[in-house]
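Protein chains in written order, with our numbering: chain E, 1 to 320; chain W, 321 to 570; chain X, 571 to 842.
Calculated directly from the structure, the hints in this document are not laboratory data.
Be aware that one or more of the hints could be misleading.
Keeping only pairs whose Cα atoms sit at most 30 angstroms apart, straight-line, the calculated DSSO-like set for lysine-lysine is [stated by the list, open to error]:
{"hint": "1", "chain 1": "W", "residue 1": "K398", "chain 2": "E", "residue 2": "K314"}
{"hint": "2", "chain 1": "W", "residue 1": "K442", "chain 2": "W", "residue 2": "K466"}
{"hint": "3", "chain 1": "W", "residue 1": "K505", "chain 2": "W", "residue 2": "K442"}
{"hint": "4", "chain 1": "W", "residue 1": "K505", "chain 2": "E", "residue 2": "K111"}
{"hint": "5", "chain 1": "E", "residue 1": "K132", "chain 2": "E", "residue 2": "K79"}
{"hint": "6", "chain 1": "E", "residue 1": "K316", "chain 2": "W", "residue 2": "K398"}
{"hint": "7", "chain 1": "E", "residue 1": "K111", "chain 2": "W", "residue 2": "K442"}
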Amino acid sequence: MSGYTVDPRIRWTEYLPWVLALAAFFLLPEYLALGARILIFVLFALSLDLILGYGGIITLGHSAFFGLGAYTAGILSAKLGVNDNFVQLAAAAGAAALLGALTGAVILRTKALTLLMLTLAITAILLEVANKMSSITGGADGLSGVVVNPILGSFRFDLFGKTAFLYCLAVLALSWFLVRRIIYSPYGAMLTGIRDNTARMHAIGAPVYLRLVLIYTLSAMLAGIAGALLTQVNQFVGLNVLGFEVSGELLVMLILGGVGRLYGAFVGPVVYLVAQDYLAKQFPEYWYFGIGVILILVVMFAPSGILGLIDRIKTKRRPA
Amino acid sequence: MSPILETQKLCKSFGALAVAQNIDFRLHAGDRRALIGPNGAGKTSFVNMLMGALAPSSGRIFLGGEDVTRVRQAQRVKRGLGRTFQINALFNRLPVLDNVALGIAERRDAARRMWRPASSHKEVIQEAAELLSTLGLAEDALVPVKDLPYGKQRLVEIGIALGLQPKVLLLDEPAAGVPSYESEKILSSLERLPPDIAILIIEHDMDLVFRFARRITVLVQGEVLVEGTPEEVRRDRRVHEVYLGEAHHA
Amino acid sequence: MILYVIAVGLSVTMGLMGFINLAHGVFAMAGGFILSYAMARYGAPFPLALALAFALVALASVVLERLLYSRLYAAGELAQVLFTIGLIFASIALARLVYGTNTAPVFLPGYLTGQVHVLGRDFPTYRVFLILFSSLMIAVLWFSVERTRWGAMVRAAVDHRGMAQSVGINTRRLFTLTFALGSGLAGLGGALGADILPVHWGYPLEHLVYFLIVVAVGGLGSLRGPFVAALLIGIADTACKYWIPEFGAFLVYAATIALLLWRPQGLFGLRA
Numbered sequence: 001m002s003g004y005t006v007d008p009r010i011r012w013t014e015y016l017p018w019v020l021a022l023a024a025f026f027l028l029p030e031y032l033a034l035g036a037r038i039l040i041f042v043l044f045a046l047s048l049d050l051i052l053g054y055g056g057i058i059t060l061g062h063s064a065f066f067g068l069g070a071y072t073a074g075i076l077s078a079k080l081g082v083n084d085n086f087v088q089l090a091a092a093a094g095a096a097a098l099l100g101a102l103t104g105a106v107i108l109r110t111k112a113l114t115l116l117m118l119t120l121a122i123t124a125i126l127l128e129v130a131n132k133m134s135s136i137t138g139g140a141d142g143l144s145g146v147v148v149n150p151i152l153g154s155f156r157f158d159l160f161g162k163t164a165f166l167y168c169l170a171v172l173a174l175s176w177f178l179v180r181r182i183i184y185s186p187y188g189a190m191l192t193g194i195r196d197n198t199a200r201m202h203a204i205g206a207p208v209y210l211r212l213v214l215i216y217t218l219s220a221m222l223a224g225i226a227g228a229l230l231t232q233v234n235q236f237v238g239l240n241v242l243g244f245e246v247s248g249e250l251l252v253m254l255i256l257g258g259v260g261r262l263y264g265a266f267v268g269p270v271v272y273l274v275a276q277d278y279l280a281k282q283f284p285e286y287w288y289f290g291i292g293v294i295l296i297l298v299v300m301f302a303p304s305g306i307l308g309l310i311d312r313i314k315t316k317r318r319p320a
Numbered sequence: 321m322s323p324i325l326e327t328q329k330l331c332k333s334f335g336a337l338a339v340a341q342n343i344d345f346r347l348h349a350g351d352r353r354a355l356i357g358p359n360g361a362g363k364t365s366f367v368n369m370l371m372g373a374l375a376p377s378s379g380r381i382f383l384g385g386e387d388v389t390r391v392r393q394a395q396r397v398k399r400g401l402g403r404t405f406q407i408n409a410l411f412n413r414l415p416v417l418d419n420v421a422l423g424i425a426e427r428r429d430a431a432r433r434m435w436r437p438a439s440s441h442k443e444v445i446q447e448a449a450e451l452l453s454t455l456g457l458a459e460d461a462l463v464p465v466k467d468l469p470y471g472k473q474r475l476v477e478i479g480i481a482l483g484l485q486p487k488v489l490l491l492d493e494p495a496a497g498v499p500s501y502e503s504e505k506i507l508s509s510l511e512r513l514p515p516d517i518a519i520l521i522i523e524h525d526m527d528l529v530f531r532f533a534r535r536i537t538v539l540v541q542g543e544v545l546v547e548g549t550p551e552e553v554r555r556d557r558r559v560h561e562v563y564l565g566e567a568h569h570a
Numbered sequence: 571m572i573l574y575v576i577a578v579g580l581s582v583t584m585g586l587m588g589f590i591n592l593a594h595g596v597f598a599m600a601g602g603f604i605l606s607y608a609m610a611r612y613g614a615p616f617p618l619a620l621a622l623a624f625a626l627v628a629l630a631s632v633v634l635e636r637l638l639y640s641r642l643y644a645a646g647e648l649a650q651v652l653f654t655i656g657l658i659f660a661s662i663a664l665a666r667l668v669y670g671t672n673t674a675p676v677f678l679p680g681y682l683t684g685q686v687h688v689l690g691r692d693f694p695t696y697r698v699f700l701i702l703f704s705s706l707m708i709a710v711l712w713f714s715v716e717r718t719r720w721g722a723m724v725r726a727a728v729d730h731r732g733m734a735q736s737v738g739i740n741t742r743r744l745f746t747l748t749f750a751l752g753s754g755l756a757g758l759g760g761a762l763g764a765d766i767l768p769v770h771w772g773y774p775l776e777h778l779v780y781f782l783i784v785v786a787v788g789g790l791g792s793l794r795g796p797f798v799a800a801l802l803i804g805i806a807d808t809a810c811k812y813w814i815p816e817f818g819a820f821l822v823y824a825a826t827i828a829l830l831l832w833r834p835q836g837l838f839g840l841r842a
């Protein structure tokens, strides 16, 4: 979907996710908490797709930004009494972007295995910090007492999760718009060039390193916003936001949906979280086993995820 | 006239293996130079060093009169140095137009723009389309490069370099691997290159070399053996000795 | 030193075969479980249990390699990373189902417990044993890889599989054997270290970062590298925990980052 030859206008199918989201709002009021969670993870997955699907950077440490955003929002409220949701979001975005820029500048000098390992190390460091500085972060017990003032002064977070859902939807919509613009821009085309043949990008004079650091920073910022949303919606933040499981699960969600396709980040989390909500309650011990097996199967037989499968079916149907 | 590309005492060794020994090389604007030599002579290493993809062990490189020995590849490209690769280094999954447009966008400083869609940057697309026309690739503009026959891919390879409007163009075996009925297209594209740019071409195909080059540099085991006009080189005894026993195919 | 034994297997598979196997810790965990089970349930003597850990894990890895891993050799880094994560998830879930949340109990034989007097100081016998064992292993491995045909063949096959095949090297069998060796070593490491690094269901994830650090710092494809790296990390870790207990783990991470910035290919890495 990037490039100089593609039509950037919004296709009618691109309205579907929003229509479905609003339909869910009206038709499935009991599931709005799950819905908000899904929306948050769609944003998180979008942020990962920017660097993974478009930049070609394989990372297992994206939860570092998610967690930092989550804790920033939480600490602002619970410890510093700052309860305005926009300030919390902005602070989380800023903190995550800063971490993204600093770590990106460091790790993007390396490749593949070393890069992967560094992303893990950075997340491990953050987890240690959060664990140790329990006076600020609540340590292993987590940080509760997070308060969010009514949004725009009038919309309180209600018990049914209605405000939370619409709030997350709005933030997601804005972010989606931003990401879509980047993907269709010359910058997005340039990223696909990096992903396709990095050596050639150097040879045409592209400052690859700087461009990647920039997109890494943007991606970190979005992940941080997603983390802040989670804290605001749950009014709580715990150590698990910085765990490997979060990074791993996010990767599964994105692969499931389809990497590098913008909407894979929508499909994946929906499928995963709905399945998890239903199945993990029924068979908790088998959930991770199932996820592991599915991941293996997807990698071996459907590496382009669900959207990739749909594409394949479409091309088979089309007359030769 | 001062040379546009110059090396002074350029040396490179990989451990005990010396691939470049005190190479003094000078190229002027408008030159049509061929670099020939037996396999393993160090031709590709030389080009890699010129481009900045390989660091020399010692010696200096000058581009447009400026010392670029320590300058990174991307920077040298910005200063007017372009190359093609011996083995295609294309953006395989992207369409032909994008392959060429990426370089053009870099040159025009449009590549870092994040807001307006790529397809609205008409100047880039226009220039890319014109470039494809001159190479005879206009109908293939939307085709993913990996679906093209090899000869056309080779043309795209040249196209990417041309999109950068280099002052110096290094062509690494442009006709390599191309079946003979397609190499004519490549040859005519080479002949139609702008007369003011300096071109260095590495080739094994002697017909192409003698047809295209106005001067030839012969590299053997990392050293310049002979440099001169095609006639001088053809008659030189040392060149004959080096190539004796080597079946150089037409 | 445990890190070394386990990590060297990883350096073998990743460095020699170019395959990013994050699930390496799974093989180590399996080795630990096998040792514990063999000794506790069947009363097997320690050396036999070690050998079993090596052999059974190597065997199991052959099955996995044939069925799954070999399909992904050319699939690219992302696919390999994802596949091995899937393997980790599935394995830890399986381990949890079978063993619950307990750690595998290990009873060291009498002759390896206690302390030994070396150079005027007392050291735990087991640690000395580990150091000796690791050193012996590195010697054997280095010899096999550098000096034998097998090592040369593996390196040739990794550099250019088609070429190696056309000179008659059976690359499939070669890769399977190498993978089995690397995984067997992991199993051995897990078993050897079961006393020091407790084996439980979360093992592969808990130590993943450390395995990767040892390999990345040591340098991919090198055998000495992980040895030196594991040594350095072990010393640094102990020293830091002694002097600045609150920041124990940090300094290892920070030092790793610093070192990799200075030398991205690791201490003894082959490629930049």
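Hint-by-hint comparison with the structure:
no.: 1; hint: W/K398 to E/K314; in the structure: violated, 43 angstroms
no.: 2; hint: W/K442 to W/K466; in the structure: holds, 25 angstroms
no.: 3; hint: W/K505 to W/K442; in the structure: holds, 28 angstroms
no.: 4; hint: W/K505 to E/K111; in the structure: violated, 39 angstroms
no.: 5; hint: E/K132 to E/K79; in the structure: holds, 16 angstroms
no.: 6; hint: E/K316 to W/K398; in the structure: violated, 45 angstroms
no.: 7; hint: E/K111 to W/K442; in the structure: violated, 35 angstroms
Going through the hint list in order, the structure does not satisfy hints 1, 4, 6 and 7.
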